[in-house]
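Undergrad: Chains as they are written, first to last, in our numbering: chain A, 1 to 384; chain B, 385 to 729.
Possibly wrong hints are sitting among the right ones.
DSBU-like mimics (lysine-lysine), calculated; alpha carbons at most 35 Å apart, straight line [claimed, not checked]:
1) B:Lys625 to A:Lys195
2) A:Lys117 to B:Lys407
3) A:Lys12 to B:Lys632
4) A:Lys183 to B:Lys401
5) B:Lys724 to A:Lys117
6) B:Lys625 to A:Lys355
7) B:Lys589 to A:Lys183
8) B:Lys714 to A:Lys192
9) B:Lys649 to A:Lys192
10) A:Lys12 to B:Lys724
11) A:Lys117 to B:Lys401
12) B:Lys601 to A:Lys135
13) A:Lys313 to B:Lys411
14) A:Lys195 to B:Lys411
15) A:Lys192 to B:Lys407
16) A:Lys117 to B:Lys706
17) A:Lys195 to B:Lys714
18) B:Lys632 to A:Lys117
19) A:Lys183 to B:Lys712
20) A:Lys192 to B:Lys632
21) A:Lys182 to B:Lys649
22) B:Lys601 to A:Lys12
23) A:Lys117 to B:Lys674
24) B:Lys628 to A:Lys195
25) A:Lys192 to B:Lys628
26) A:Lys355 to B:Lys589
27) A:Lys313 to B:Lys407
28) A:Lys182 to B:Lys724
29) B:Lys601 to A:Lys117
30) A:Lys135 to B:Lys724
31) B:Lys649 to A:Lys309
32) A:Lys192 to B:Lys601
33) B:Lys728 to A:Lys182
34) B:Lys714 to A:Lys183
35) A:Lys183 to B:Lys601
36) B:Lys728 to A:Lys195
37) A:Lys12 to B:Lys628
Quick caveat, the hints were computed from the structure, so don't treat them as lab data.
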Amino acid sequence: MQIAVLSGATTKFGELWEQSPRSLAQEVVSQAIEQAGIEKKETQALFVGNMLAGILGGQENIGAFFADELGLEVPAVRIEGACASGGLAVHQAVLSLLTGKYQTVLILGIEKMTDYKPEEVAQALMAAGSDEERKAGLTFPGLYALMAQAHMEKYGTTEEEMAAVAVKNHFHACLNEKAQFKKEITIDDVLKSAKVADPLKLLDCSPISDGATAIILSSKFKVQSSRDKPVFIAASAVATDTLALADREDLISLKATKKAARKAYQMAGLGPEDIDLAEVHDCFTIAEIMAMEDLGFFEKGKAGQAILKGETKIGGKGPIINSSGGLKAGGHPVGATGVKQIVEVFNQLSGQAGKRQVKGAKIGLAHNVAGSGALAVVHILSNL
Amino acid sequence: MVGIIGYGAYIPKYRIKLEEIAKVWGKNPQEVISSLGVAEKSVAGIDEDAVTMAVEAGQTALRMGGVSPSKIGSILVGSETHPYAVNPSSTIIGETLACGNNYLACDLEFACKAATTGIWLTTGLIESQKIDYGLVIGSDCAQAKPHDVLEYTAGSAATAFILGNKKNEVMAEILDFATFSSDTPDFWRRDGIRYPAHAGRFTGKPGYFAHVIGAAKKLFQKSGTEPSDFDYCVFHMPNGKFPKRVAKILGFSFSQLESSLIVEKIGNPYSASSLLGLCQVLDQAQPEAKIFFVSYGSGAGADGFIFQTTKNLMKKRRLAKKVAEFIKNKSYLSYAQYLKIRRKI
Chain A
1 MQIAVLSGAT TKFGELWEQS PRSLAQEVVS QAIEQAGIEK KETQALFVGN MLAGILGGQE
61 NIGAFFADEL GLEVPAVRIE GACASGGLAV HQAVLSLLTG KYQTVLILGI EKMTDYKPEE
121 VAQALMAAGS DEERKAGLTF PGLYALMAQA HMEKYGTTEE EMAAVAVKNH FHACLNEKAQ
181 FKKEITIDDV LKSAKVADPL KLLDCSPISD GATAIILSSK FKVQSSRDKP VFIAASAVAT
241 DTLALADRED LISLKATKKA ARKAYQMAGL GPEDIDLAEV HDCFTIAEIM AMEDLGFFEK
301 GKAGQAILKG ETKIGGKGPI INSSGGLKAG GHPVGATGVK QIVEVFNQLS GQAGKRQVKG
361 AKIGLAHNVA GSGALAVVHI LSNL
Chain B
385 MVGIIGYGAY IPKYRIKLEE IAKVWGKNPQ EVISSLGVAE KSVAGIDEDA VTMAVEAGQT
445 ALRMGGVSPS KIGSILVGSE THPYAVNPSS TIIGETLACG NNYLACDLEF ACKAATTGIW
505 LTTGLIESQK IDYGLVIGSD CAQAKPHDVL EYTAGSAATA FILGNKKNEV MAEILDFATF
565 SSDTPDFWRR DGIRYPAHAG RFTGKPGYFA HVIGAAKKLF QKSGTEPSDF DYCVFHMPNG
625 KFPKRVAKIL GFSFSQLESS LIVEKIGNPY SASSLLGLCQ VLDQAQPEAK IFFVSYGSGA
685 GADGFIFQTT KNLMKKRRLA KKVAEFIKNK SYLSYAQYLK IRRKI
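Chain A on its own, in the form it takes in the complex (with noise of 0.2 Å):
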């Protein structure tokens, strides 16, 4: 069963102070189904990746609440994975195609950050933390750094090379309308910025924003013609690694993300050197760099070096890494996350992607964690 994007829409990341969760939903999902030519009673089931609505908006029950506010008598659902909300959302809803039970989904993933206390917003983050780690203070900065400082003692990994990732993404985004930051960055600008936790200086750190991406995939598709350039998911993958990261193998990875490329490779007949793009998880910039490392682009304290020669830079040779913006420059409502990054893979295998459109691409990778890396999702999208 071949499984495509019909569409994908997202809203503006940022502070929108002007939106309501309604408001945002309304908007990605009525472009969505516009954009895929189909009514919107042809949508089976909802799925919501979301992580917040709970615990900041003491809001439960979104399934039920998002098909209510879209007019949508269908089941819905809520799927909750910190960070990965998003991404574990549409794995949730291609497994569900893939049962024949349904062949058209409505996907939205949506969070709404900024209308809260950014410590408010902080220790609700930490819901998705360990136990004891949040016992003992820890923020996810301060695990970021923990993962830096091992992989800078390891391969010799710089603040230079980390803050390199910063400002090719918000170069990418200055390309994007959607993004958060449509602002250029030196690496000077990153390395003088103020430190929130050691080696990691706020230019390393993604925001806190609101936001929301719809996307809706179906197995039940009519290529209206030869122009049209179908976008299918060729892998849907999870992995779970320990909650904590005091209980992991070693600091320098994160083991889910390995374990889910691992399998999404394998289920698309494909290995990283076949991916032309990827949208990776780079909630903090020693993310990308571990991801590069962990996705199989790169060798183990390889990617830095890469990220600061341009190789992953719009025009280098490659993996195209973070077109949109990523999530250091182009926003980071948790929820909305993993499915813009679907979004945003899809507009450039469709070649909708404008400005940063990467030229011939036609096989991209999305990359979602959550918490510190106790669970990872990789989707591989192809347009062959």
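Please build the complex by placing chain B on the supplied structure of chain A, with the hints as guidance.
TA: Then chain B, alone, in the frame of chain A:
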């Protein structure tokens, strides 16, 4: 014509450098200073509060106005740090300034714009011939919770204005007015809670900028003016960046704004912030100067005024100590001394 016939400012002599506060909390001082555009803030002494500072400013305003205190028909005091929750500041101030008993006394609260609302109310009382002279005070001994970002800017100061309508007394005529209000909870303090809370970056675009720009545009439209018609512009100064940014958005040049900027050396003395900027402009302006002024109060609202100075300004202002002199007269505190005199320890 209703206008200002006397004004007075008061800034306590104590200062704390942002560097001193930043070091305590492990922050990079240069980053804090450059991100806020403030280098130091004024701190009231251990025996000072919004009322004592108001009296200091009020005395100066009365002296400059040349009006007998007994002729003051109203005293409106804007502050968010009135010493009492119940028991008016305005009567303590009226009694101390010997204003007799036949004045309308009222305390006002609207975050940082309470006093500018008082100017408009007093203008109405004078225009409707209910009173001849009114005293309006903006005074705050701004509170900030230790380690809150507000701690870097919450300052102390007072301003006082005597309003009247006699041509030979008015030094700055009020030519026009516009206001802009909405229910925008960007900064608040509930009853019984010691320190205010705020909604971080939300205080910017939907708070300060939406309301200041809203009032300013209405004022331009109502008065048929544009930025180039003015010699000076004055805006509320919660930090060093917002007034510069809003002036630029509205089309004013930095030279029109520069004279009013007291925030770098004083911080944000809430109700006295924009009015202290106005005092500093009045300290420097020539007759017939046009001043565009917009305050801002969280919650939220902004009051815009157009003032035009008269020839009376030159002679009268000699009677008061200039804002610049208050700014220069200072004594630095350590963080521990600051905690002590503000009774935080």
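Undergrad: With reference to the structure, classify each hint as holding or not holding.
TA: Quick rundown of the hints versus the structure:
With a CA separation close to 22 Å, the supplied pair lysine 625 (chain B) and lysine 195 (chain A) stays within the 35 Å bound. Of the pairs offered as hints, the one joining lysine 117 (chain A) and lysine 407 (chain B) holds, with about 24 Å between alpha carbons and a cut-off of 35 Å not exceeded. As the CA atoms of lysine 12 (chain A) and lysine 632 (chain B) are separated by approximately 26 Å, the hinted pair is consistent with the 35 Å bound. Pair hint lysine 183 (chain A) plus lysine 401 (chain B) holds up; C-alpha atoms about 32 Å apart against a cutoff of 35 Å.
For the suggested pair lysine 724 (chain B) and lysine 117 (chain A), the alpha carbons sit about 29 Å apart, so the restraint of at most 35 Å is met. A threshold of 35 Å between alpha carbons decides the hint, and for lysine 625 (chain B) with lysine 355 (chain A) the separation of about 34 Å falls inside it, so the pair holds. Proposed proximity of lysine 589 (chain B) and lysine 183 (chain A) is supported: the alpha carbons are some 18 Å apart, at most 35 Å. Straight-line distance between C-alpha atoms of lysine 714 (chain B) and lysine 192 (chain A) comes to about 33 Å, which keeps the hinted pair within the 35 Å bound.
Distance check on the hinted pair: lysine 649 (chain B) and lysine 192 (chain A) sit about 26 Å apart at the alpha-carbon level, within 35 Å; holds. Among the hinted pairs, lysine 12 (chain A) with lysine 724 (chain B) is inconsistent with the structure: their alpha-carbon atoms are about 48 Å apart, more than 35 Å. Taking the CA atoms of lysine 117 (chain A) and lysine 401 (chain B), the gap is about 27 Å. The hint holds against a cut of 35 Å. Proximity of lysine 601 (chain B) to lysine 135 (chain A) is assessed by CA-CA distance (about 51 Å); at most 35 Å being required, the pair is judged violated.
For the suggested pair lysine 313 (chain A) and lysine 411 (chain B), the alpha carbons sit about 34 Å apart, so the restraint of at most 35 Å is met. With a CA separation close to 9 Å, the supplied pair lysine 195 (chain A) and lysine 411 (chain B) stays within the 35 Å bound. With a C-alpha separation of about 18 Å, the suggested pairing of lysine 192 (chain A) with lysine 407 (chain B) holds against the 35 Å cut-off. Between lysine 117 (chain A) and lysine 706 (chain B) the alpha-carbon distance is near 40 Å, which puts this suggested pair outside the 35 Å criterion.
For a cut-off of 35 Å, the pair hint linking lysine 195 (chain A) to lysine 714 (chain B) stands: about 33 Å separates their Cα positions. About 29 Å separates the Cα atoms of lysine 632 (chain B) and lysine 117 (chain A), which keeps this hinted pair within 35 Å; it holds. The hinted pair formed by lysine 183 (chain A) and lysine 712 (chain B) fails the criterion: a straight-line CA distance of about 40 Å is larger than 35 Å. Pair hint lysine 192 (chain A) plus lysine 632 (chain B) holds up; C-alpha atoms about 27 Å apart against a cutoff of 35 Å.
Between lysine 182 (chain A) and lysine 649 (chain B), the direct Cα distance comes to roughly 33 Å. Compliance with the 35 Å bound is thereby established for this hinted pair. For the hint linking lysine 601 (chain B) to lysine 12 (chain A), the alpha-carbon distance of about 28 Å falls within 35 Å, and the restraint holds. Our distance criterion of 35 Å between C-alpha atoms is broken by lysine 117 (chain A) and lysine 674 (chain B), whose separation comes to about 41 Å. Annotation: proposed proximity of lysine 628 (chain B) to lysine 195 (chain A) holds, straight-line Cα distance about 27 Å (limit 35 Å).
For the hint linking lysine 192 (chain A) to lysine 628 (chain B), the alpha-carbon distance of about 24 Å falls within 35 Å, and the restraint holds. Annotation: proposed proximity of lysine 355 (chain A) to lysine 589 (chain B) holds, straight-line Cα distance about 29 Å (limit 35 Å). Restraint check for lysine 313 (chain A) and lysine 407 (chain B): not satisfied, since their Cα atoms lie roughly 39 Å apart, outside the 35 Å limit. Pair hint lysine 182 (chain A) plus lysine 724 (chain B) does not hold up; C-alpha atoms about 45 Å apart against a cutoff of 35 Å.
Restraint check for lysine 601 (chain B) and lysine 117 (chain A): satisfied, since their Cα atoms lie roughly 31 Å apart, inside the 35 Å limit. As the CA atoms of lysine 135 (chain A) and lysine 724 (chain B) are separated by approximately 33 Å, the hinted pair is consistent with the 35 Å bound. Simply put, lysine 649 (chain B) and lysine 309 (chain A) have alpha-carbon atoms about 45 Å apart, too far for the 35 Å limit, and the pair is violated. About 38 Å separates the Cα atoms of lysine 192 (chain A) and lysine 601 (chain B), which puts this hinted pair outside 35 Å; it is violated.
In summary, the hint linking lysine 728 (chain B) to lysine 182 (chain A) is not supported, as the alpha carbons are separated by about 43 Å, beyond the 35 Å threshold. Between the alpha carbons of lysine 714 (chain B) and lysine 183 (chain A) the distance comes to roughly 41 Å, so the proposed pair goes past 35 Å and is violated. Between lysine 183 (chain A) and lysine 601 (chain B), the direct Cα distance comes to roughly 29 Å. Compliance with the 35 Å bound is thereby established for this hinted pair. The hinted pair formed by lysine 728 (chain B) and lysine 195 (chain A) meets the criterion: a straight-line CA distance of about 29 Å does not exceed 35 Å.
With a C-alpha separation of about 28 Å, the suggested pairing of lysine 12 (chain A) with lysine 628 (chain B) holds against the 35 Å cut-off.
Checked against the numbered hints given earlier, the structure breaks hints 10, 12, 16, 19, 23, 27, 28, 31, 32, 33, 34 and satisfies all the rest.
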